[in-house]
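**Student:** In case you want the letters, here they are:
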Amino acid sequence: MTRFIEVNSVGKTYPGKLEPVEALRGIDFTCNEGDFVCLLGRSGCGKSTLLQLMAGLETPSAGHIAVAGRELDGPSPSASIVFQDHGLFPWMTVQKNVEFNMKARGLSAAERAATARRLLEMTGLTGFEGRYPHELSGGMRQRVGIARALTTGPKALLMDEPFGALDAQTRGKLQDELLQIWETQKTTVLFVTHSIDEALLLADRILVFTPRPGRIAADIEVDLPRPRAPESEPFATLARELRALIGADRDFD
Amino acid sequence: MQLRRALGLLPLALLFLAWEISVELKVYPPILLPPPAKVAMVFVEDLPTVLDNALASVERVVAGIGLSFLVAVPLGLMIGRYRVLDLLTDWSIQIFRSVPPISLIPLAILFLGIGDKPAITLIFLSGLWPLLINTIFGVRGIERTLMKVARAARASEWLVMKDIVLPAALPAIFTGLRLAVGAGWLTVVTAEMIAVKSGLGYMILNAQLTFRSDLIFAGIVVIGAIGLLADQLVRLARARVCRWQEGLTAATE
Numbered sequence: 542m543t544r545f546i547e548v549n550s551v552g553k554t555y556p557g558k559l560e561p562v563e564a565l566r567g568i569d570f571t572c573n574e575g576d577f578v579c580l581l582g583r584s585g586c587g588k589s590t591l592l593q594l595m596a597g598l599e600t601p602s603a604g605h606i607a608v609a610g611r612e613l614d615g616p617s618p619s620a621s622i623v624f625q626d627h628g629l630f631p632w633m634t635v636q637k638n639v640e641f642n643m644k645a646r647g648l649s650a651a652e653r654a655a656t657a658r659r660l661l662e663m664t665g666l667t668g669f670e671g672r673y674p675h676e677l678s679g680g681m682r683q684r685v686g687i688a689r690a691l692t693t694g695p696k697a698l699l700m701d702e703p704f705g706a707l708d709a710q711t712r713g714k715l716q717d718e719l720l721q722i723w724e725t726q727k728t729t730v731l732f733v734t735h736s737i738d739e740a741l742l743l744a745d746r747i748l749v750f751t752p753r754p755g756r757i758a759a760d761i762e763v764d765l766p767r768p769r770a771p772e773s774e775p776f777a778t779l780a781r782e783l784r785a786l787i788g789a790d791r792d793f794d
Numbered sequence: 046m047q048l049r050r051a052l053g054l055l056p057l058a059l060l061f062l063a064w065e066i067s068v069e070l071k072v073y074p075p076i077l078l079p080p081p082a083k084v085a086m087v088f089v090e091d092l093p094t095v096l097d098n099a100l101a102s103v104e105r106v107v108a109g110i111g112l113s114f115l116v117a118v119p120l121g122l123m124i125g126r127y128r129v130l131d132l133l134t135d136w137s138i139q140i141f142r143s144v145p146p147i148s149l150i151p152l153a154i155l156f157l158g159i160g161d162k163p164a165i166t167l168i169f170l171s172g173l174w175p176l177l178i179n180t181i182f183g184v185r186g187i188e189r190t191l192m193k194v195a196r197a198a199r200a201s202e203w204l205v206m207k208d209i210v211l212p213a214a215l216p217a218i219f220t221g222l223r224l225a226v227g228a229g230w231l232t233v234v235t236a237e238m239i240a241v242k243s244g245l246g247y248m249i250l251n252a253q254l255t256f257r258s259d260l261i262f263a264g265i266v267v268i269g270a271i272g273l274l275a276d277q278l279v280r281l282a283r284a285r286v287c288r289w290q291e292g293l294t295a296a297t298e
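Top to bottom, those sequences are chains A and B. Converting from the first sequence to our numbering requires adding 541 to each position, the first position being numbered 1. Converting from the second sequence to our numbering requires adding 45 to each position, the first position being numbered 1.
Errors might be hidden in some of the hints.
[To be verified] Cut-off 27 Å, straight-line C-alpha distance, at most; resulting in silico cross-link-like pairs (DSS-like, lysine-lysine): (1) B/Lys207 - A/Lys637; (2) B/Lys193 - A/Lys696; (3) B/Lys193 - A/Lys637; (4) A/Lys637 - A/Lys714; (5) B/Lys193 - A/Lys644; (6) B/Lys71 - B/Lys83; (7) A/Lys644 - A/Lys696; (8) B/Lys193 - A/Lys727; (9) B/Lys242 - B/Lys162; (10) A/Lys637 - A/Lys558; (11) A/Lys558 - B/Lys193; (12) A/Lys644 - B/Lys207.
[Unchecked claim] DEER-style ranges, computed between Cβ atoms: (13) B/Tyr127 - A/Gly705: 28 to 34 Å; (14) B/Glu202 - A/Lys558: 27 to 33 Å; (15) B/Tyr127 - A/Glu772: 54 to 60 Å.
Hints were generated in silico from the structure; no laboratory data involved. Glycine is no exception: its CB is placed at the ideal position from the N, C-alpha and C atoms.
For reference, chain B alone in the conformation it holds in the complex (with noise of 0.2 Å):
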């Protein structure tokens, strides 16, 4: 079993040593290209840089996220209950989805200015989407028999929404954390680049215009990971929640 997990690091040694022939032949002079072990470098002399601004990225995304969570779980266990709601918000959730977060850069800057607000605005609507649409799906996926339980038994509607509805839609509502998470680290380092003056993005960009590449490879290093942990922490989280679900689905994580 250990080993098989090992097997996810293989593609990334792989692109080390990629990584390390391609400076020892001097595909691109170090200043564009830096060694690996230069890259390394910055996380022990520009550690405090990086570090702040892995922070000031993480709380945006912990803010957003934790913002369409608190939006969109309830308004999609309604939505996924209630027919009406559904008519009603159908086709503006599939309008508003469309249109990539990032398009929204300049309109947020408009009416937000720059700083935290337009960024963690837009993190908002990255992960709402995922969020409301996942669970609208799992609060549909409910079996029919469970429902004329709860009908026979002639339980509340609160009753119905916090003990049915809601443990039903959990693994559903993680699967759309997870791709709310993912959505949301994509735009705070994009929307750094822009709106912000701090964060990972900002990081990046600052360090193209000093012609520090390294930083920049750090910067994309520590962007990955805390993507990789991210995930694995919501994962952790689900299994945790939904463990009544081991041994029922085909593919266990």
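Extracted from the complex, chain A is given alone in its bound form (with noise of 0.2 Å):
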């Protein structure tokens, strides 16, 4: 196992209408490839902010971030991104949105049509190709999210509460799906959410974000073993500590 992210002492400023506003302060942490790891927290806690720094949309204001060896400078192109509101071209069909991270790499039209139809494939999207986003459905949607982010083959997945928009049948399908991807893919995610049960149902290891300014409250190892039932009793011990951790300031609401 190689340390594939590395966050040292990372803290993010951004400059407020009254006065600077401190996203996050001293964020350590590394995190081996293959990984699955959840930033869980409130909103406002800095977890999608840190996501957006270790992507390269964002610079830290202090420290450094590598990933896969390399110091950021930019967004790395071993690591591909989600968004929760998918991010989708409304102008493009589905085939092109799939294909848009291939393009930009300069693949040729036959590389991007054969990655696309496997990948489409794989995530259910047969027969959806020539869809225009806004005729399908919000789990639709991000199924063709997910499949763009893995044409280039990343090392990382970096998602950004990809299923907080969905309903929560969706929402549980979609989990199942990005588990078996992650398994047969073997890429590291890093999954940023703000639902205990999700961050317990997915991930290898939770970092529990608190805010004012955005720091890690704590670093946890969910050794349970898959597929995890929410009903058992070492998850519902998890789920009780998880909720102290994250209600621990609650009186600064």
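Join the two chains, each given in its own frame, into one complex according to the hints.
**Tutor:** Structural data, given as structure tokens:
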């Protein structure tokens, strides 16, 4: 196992309207290749900010981030990002959307088509190639987003509350599918969520964030066999523990 | 649906009726206010005159608005995309777009003489601003997530312009085109009354000098009809090109 992502004393401060807003302070963690890590916390705790930093879409105000042994100075070619609002181009068909990241890398039309076909099949989208995003359900759209992210063969998937806007049933289905993809593709997954159950269902490891400024309050290994049952005793115990951690500074609200 | 479309004819029918009644009641002598039948005869007896002049006007508008399109769309995409260009041009655009093209007729004649050159220049200017402003507006409206997707994919600037910025701005560009065609059509008729010796504007003014009020009325009917036709054509083109937008907007055309 090699260290795949290294985050060293990272801080992020935004220039606010009245005074600077400190979104993150003193974030330290490393994650190995193949890990499934959830960043868990309530809204405004900086977990999404950290994901944007690791994606190279924003730059830290302090500290360093390295992905695949290389100091980040912009989006890394070995990581792909999946957004909560899926980020599909409404004027492109499913096919074109899935091909976009490959097109950006200058792959030939034939290569793009072959990879797209494989991933559309894997995500259950075969037959929908010619549809536009608005003709699809929320779950289908996010499948397109995931398929697009996988086209470049990324070593890491950075997922920003990807299932947050979905109904419970669809979410459960996509969680299962994501676990399958993770197991077969051996990708590292960093997954932002505010749902304790979702984090416990998916992750090997959960980083618990607390707000003002965003910090990692706890780093918890989840050593439960998959598939996990929320009704089981160890699951429920961990959930209680996490709830206590997240709610620790509820007095601030 | 057909019946509802026909609803648009109702005000026109009422106007026609009012016209007939006014003629019957002799509100004005027939030499000033000709009966509809006499105006209709113009399209039989003077058809070549009407057609030649209509064609001359249409050609000028196509040339002028075509030029505005070629200049305004690329320029608007750039200004919308790059903040520096926006800062550089914003005040100038706001100043120059407030100048009615008609008010430039004297200058246009002084610098460009009489003929197509001043007319097309004025039409170009009247179409330039609505197209430019709407294109910029369209680029501004791009969802932030989509630009993040492009950055994360490390898409080239050219690909971003071609596959994201332009298609995202297209609906707004078509709105600009509708306004531009309308403005260009207004300008051509006015310009032809002063700066050119052909076209519908010239025909109308000339008809006044020869006491041919029937020709004036016929000219106005043709101007209105072509205006309607041009607008419908742009709408049709928009529906074709922006097919992906169907079902996305509340008011579908």
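**Student:** Any of the earlier hints contradicted here, and which numbers?
**Tutor:** The structure breaks only hint 10.
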